[in-house]
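Be aware that the sequence shown starts at 1, since it is given in this note's numbering, and climbs by one per residue.
Among these hints, one or two may not hold up.
Said to hold, decoys possible - Pair by pair, the computed Cβ-Cβ distance ranges are: (1) S239 - E384: 55 to 61 angstroms; (2) R215 - E123: 41 to 47 angstroms; (3) G190 - D58: 38 to 44 angstroms; (4) D242 - G76: 18 to 24 angstroms; (5) F395 - N197: 25 to 31 angstroms; (6) G315 - T353: 31 to 37 angstroms.
In short, the hints are calculated from the structure, not lab data. Here a beta-carbon is modelled for each residue, glycine too, at the ideal position from N, C-alpha and C.
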Amino acid sequence: MVLPISRRSFNRKFNDTVEGMATDIKDTAHAVEAPAVMRLLPARPRLLALGEPTHGEDTLLDLRNELFRQLVEQEGYRTIAIESDCMRGLVVDDYVTSGTGTLDEVMERGFSHGWGTSAANRELVRWMRAHNDDRPASERLRFAGFDGPLEITGAASPRQALTALHGYLAGRVDAELLPCTGETLDRLLGADDRWTNPTAMRDPSQSVGRSAGARELRLLADDLVALLDTQTPHLLAASSRDDWDRARLYGRTATGLLRYHHWMADTSPARMTWLVSLRDQMMAHNLLALAERGPALVHAHNGHLQRAKSTMRMGGMPLAWWSAGALVSAQLGAAYAFVVTSLGTIRHQGVDTPPPDTVEGLLYALPEDRCVIDAPRLATALGERLPAHRVSPWFGYSPLTRPIWPTLTASCSSRTSRRADRSTSSG
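Could you build the full structure based on these sequences and the hints that come with them?
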């Protein structure tokens with residue numbers, strides 16, 4: 001039997017429940033510091049990933065820089081990887097390890113997605129270069145992009161990666177072992193604008209990904225990667241480990257791009273699911289390679305790092321796929337840790353104070369402006385009480401939702417965007 005309840009009684013009961021939930025989670029909050037994060041982990045993970053719910057917010061990027069600096073200095077992490085083009089990232093790595101180029105040049109050429117204009121990214125690169133001064137190579141901090149050479153509008157030509165892989169092998173193995181000449185690759189690749197045609201993302205018929213030349217390039221790329229693998233002992237003796245690692249990156253990127261272009265030319269309903277899956281697969285392969293090299297810090301959108309299955313709608317179609325974080329976690333287990341971040345408000349984008357009955361509303365009610373939350377303890381404290389689902393009025397912000405809690409190590413929460421504070425104070 002369901003008894004009638006007055007609105008006043010319902011509201012009082014609801015408010016008491018929310019207040020009780022806030023009290024329960026208060027003890028799960030800690031200062032945003034490296035020791036607080038590490039205390040939540042059973043051991044130092046090989047890959048420690050810090051997510052962000054949106055791109056380009058200074059508050060979160062400054063927090064990333066501060067936390068990563070502490071983790072490098074106190075916990076011995078030696079690589080910082082961000083959601084940017086893995087090939088462009090080599091320019092940044094050369095600068096921070098050996099001073100090649102200038103900071104301005106590196107910020108212009110070393111990042112994709114427009115990240116090079118970010119003041120926080122510039123400060124990160126500047127600090128990494130200063131940190132490496134007078135340090136031996138074994139102690140230097142490395143930089144990596146782990147995204148593929150991909151944008152929402154399309155994909156890069158495989159030329160750079162494929163010719164770099166061929167050039168590495170041609171200088172170190174017997175010529176008769178090579179599956180083709182550099183001239184053959186150049187002929188099959190053709191003009192780069194055939195590959196970067198922006199209309200191909202919307203119109204599969206404009207993609208060259210399933211042309212006869214592209215099919216032959218996929219076979220040749222596969223053979224070049226096989227040659228790289230089968231000649232590993234010789235190549236490690238004939239070149240440095242860093243050069244060999246880069247050649248492996250060239251191989252992953254070349255085969256990944258050719259596979260991506262192949263599916264850009266697909267006309268089936270599975271096309272977009274394949275494309276979003278392949279992007280995260282390329283990310284995962286790069287992260288696993290970094291994990292082989294040593295402990296690494298990772299920064300990207302929460303959606304690329306979560307263990308739960310990713311979902312979205314694109315062009316009116318529902319998509320579901322496994323993110324890079326899910327793929328990496330399946331292989332590394334506890335050696336992969338993910339700290340999600342959330343913001344209470346981003347007022348300059350119309351994201352106002354979160355409703356008090358949502359997860360972000362509960363975190364917003366905590367007295368600290370920013371804090372680290374023990375995610376498993378948060379889930380335990382909430383128990384069967386299901387907070388409301390927060391829907392962002394701005395497509396660019398992904399609120400923290402309950403389905404990913406069981407897969408989290410921790411949540412790092414900031415009450416508000418600093419840019420929002422400025423816009424509010426200016427009236």
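Going down the list of hints, with the structure as the test:
1. S239 - E384: 55 to 61 angstroms: holds (58 angstroms)
2. R215 - E123: 41 to 47 angstroms: Given range 41 to 47 angstroms: holds, Cβ gap about 45 angstroms.
3. G190 - D58: 38 to 44 angstroms: Hint holds: Cβ distance 42 angstroms, inside 38 to 44 angstroms.
4. D242 - G76: 18 to 24 angstroms: holds (20 angstroms)
5. F395 - N197: 25 to 31 angstroms: Roughly 26 angstroms apart at Cβ, these two residues keep to the hinted range, so it holds.
6. G315 - T353: 31 to 37 angstroms: holds (32 angstroms)
Comparing the model with each earlier hint shows no violations; every hint is respected.
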